[in-house]
Amino acid sequence: MPLFREAYGLLFNLIVWGYIMQKSDCIISVEHVYKYYGEKAVLNDVNLFVRKGEFVTILGPSGCGKTTLLRLIAGFQTASEGEISIAGMEITQTPPHKRPVNTVFQKYALFPHLNVFNNIAFGLKLKKMPSATIEKKVKQALKMVGMTDYEDRDVDSLSGGQQQRVAIARAIVNEPEVLLLDEPLAALDLKMRKDMQMELKEMHKSLGITFVYVTHDQEEALTLSDTIVVMSEGKIQQIGTPMDIYNEPINSFVADFIGESNILNGVMIKDKRVSFAGHEFECVDEGFGENAPVDVVIRPEDIYIFEPSEAAMLTGTVTSSIFKGVHFEMMVQTPNGYEFMVQDYHCFEAGAEVGLLVKPFDIHVMKKERTCNTFDGKLVDSTHVEFLGCVFECKEVTGIEPETPVKVEIDFQDVILEDNEEDGKLTGAVKFILYKGNHYHLTVFTDWDEDIFVDTNDVWDDGDRVGITIAPENIRIVHS
Amino acid sequence: MAKAYLWLLLVLLYAPILIIMIFSFTEAKVLGNWTGFSTKLYSSLFAGNVQHSLISALWNTFAIAMLAATISTLLGSIAAIGIFNLRSGARQTINFVNAIPMMNADIITGISLFLLFVSFGISQGFTTVVLAHITFCTPYVVLSVMPRLKKMNQNVYEAALDLGATPFQALHKVIFPEIRPGMISGFILAFTLSIDDFAVTIFTIGNEGLETLSTFIYADARKGGLTPELRPLSTIIFVTVLVLLIVINKRAEKQKTDKIR
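Top line first, the protein sequences correspond to chains A and B. Residue 216 in the working numbering sits at position 216 of the first sequence, and the numbers go up by one each step. Residue 1184 in the working numbering sits at position 184 of the second sequence, and the numbers go up by one each step.
Everything labelled a hint here was simulated from the structure, so no lab data went into it. Just so we're clear, the structure is a prediction, and the values are computed from it rather than from any experiment. Treat the hints loosely; a few may be bogus.
Listed below are the simulated PhoX-like cross-link pairs for lysine-lysine, each with C-alpha atoms no more than 25 Å apart in a straight line [claimed, not checked]: (1) 1173(B) / 128(A); (2) 127(A) / 1173(B); (3) 201(A) / 107(A).
Just some of the chain B residues that point at chain A, by a computed CB distance under 8 Å [claimed, not checked]: (4) 1164; (5) 1165; (6) 1169; (7) 1174.
We treat Cβ as the ideally placed atom computed from N, Cα and C, and that holds for glycine.
Assemble the whole structure, with the sequences as input and the hints as a guide.
In structure tokens:
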């Protein structure tokens, strides 16, 4: 992740510089943070630096560790390893009531036995402020969230949106350095959510404090943030501005998670020449080397669709066409079996022959994270190897002593998934599915706690339990 | 037909109490003789004409019930919070352990407490009765507080900490107000259970002459012939317990409708 390292380095310099100036620009720093639940790492070497006044969104699917990261910053949980600082103070072990942050919870968490005024005044009363000051501050906070004159209302009598406003007022009235928001709009309906998004953005501008916002909604993240942190499986995948994240996703996970995309296997022939879907394209990327396998991303709105003509780079048949309000979403199948999602204002009915064109600038090339499965294993005898907790038969190996540690390589398409768990040597669960235009790339979490990657034409669902087999001739043994 | 059956059952169930209540309004010394309507037994009960020991037994009963209910409400509420925050496996186990004393026969609880006090050489009296009553009341408090905890938004405790409350302040300002209805129900339940108890009390009361209402009546009955003032007293206690029970039921009903709303 060169981009990440660059950002890290840059921020590190900023901190050093800030330290010298006695005033750091960085308000939150999370360094090498790990969090384990038993054996499982929910956060795996997380590094994050948040600048003062920034609106940072931590984005990821459920179970990616984003809420855990927020709870570590808030202090409701403590990191297993690593260091967290807020406003230059190391607070990794500090209890939540001593941290200069306030949190807005997903389900509001208002105190039902207190009215609106007393809910908002809760923090101020604990600080033993004079009651005149408290009253003034509460009124200000209520005005800020557009709830003037609601002081005496019972919180149970308010709508979801109003409750969330009170929850926000209750947090900002304490004038925290950082406001943490844990999916605050998830329980609201779409229209209300859009309104609240705009209001939050306004609030961020007028308050000038740092917002750290957790969501699984990529559109919300793109709308609100100065910086987006994309997380998956306890690791930060990419940090960048919304534009960076959308236009230059660092890997296929980010590309798939943010917006709609066509992701295909490709080969970088040389600089600015890439081949995919059986065709060679001009592109703008360089520095991948020659004949390097890559992932190619094309956003569906970047593909031009028209009647078949000379200008077409690819031809195909429309297999489905759906009206989406602003545009039509069409699936186009090429004669050599690749499928593209295309969005356009013009409708081509299913069955129509069409031509497709992609401009070089709209082809985004990403380095492949891996080109085959690699496992650490051990040779048992000349025809058996142990990895992933099982002994597999393999082709006869010569020149390597039994009991030697070896590397085992298996191509994605050589891993066979079985419906019945009993039919497989190994068992596991499908946990991430990526459509690659003409096949699926699956991540299967084996019961040995390691991932195995599979290319298949069969349709599997997220969470499916599977048996896994590998033919002996497809196991490659490499000296490690 | 079904209705008649129901009424027959109710009459059979309540006949003994009704008889006591009816005969509390007559002067006859022997139960069963009706010598005309009178409230003399009531006035003599309150005028203090009865034996001194009945009145002191009454006071002992209320003092024990008050102490036992208060302490078990505190213990039970704190225990419920602790149990609620356990991992689900441990929680189920503890809930099961909590249910055993409630299912257990009172006589077994009484004998085991008696043996415990004897083997530790604790002289039996007021304190041991209170301790014994706390023992069998606490599980009921846990049981009545638990639903309130489950109903509570799980983030409110964290929200309080987040706003600057220490863990103790959060407990005091947020958790207790939230579970207060459950605590009150638990208290009333513990109070009635304590007043009502005989089996555990008789084994833990010792022989220093301490009497509660139930042990007094038992002893009185064995001496032959009940003190006539017991009739109005029983009536009053029955009505009090009935009122408390109605209060508990109303509260439970209100909680249910709150949930639906």
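Cross-check of the supplied hints:
1. A threshold of 25 Å between alpha carbons decides the hint, and for residue 1173(B) with residue 128(A) the separation of about 15 Å falls inside it, so the pair holds.
2. Restraint check: the Cα-Cα separation between residue 127(A) and residue 1173(B) comes to about 14 Å, which is no more than 25 Å; the hinted pair holds.
3. For the proposed pair residue 201(A) and residue 107(A), the alpha carbon gap of about 20 Å is at most 25 Å, so the pair holds.
4. Because the beta carbon of residue 1164(B) sits about 5 Å from the nearest beta carbon in chain A, less than 8 Å, this interface hint is met.
5. With a cut of 8 Å, the hint placing residue 1165(B) at the interface with chain A holds, because the nearest CB-to-CB distance is about 6 Å.
6. Among the interface hints, the one on residue 1169(B) holds; its C-beta lies about 7 Å from the nearest C-beta in chain A, closer than the 8 Å criterion.
7. Interface hint at residue 1174(B): satisfied, since its Cβ lies 6 Å from the closest Cβ of chain A, which is below the 8 Å cut-off.
The structure is consistent with each of the numbered hints, conforming to all of them.
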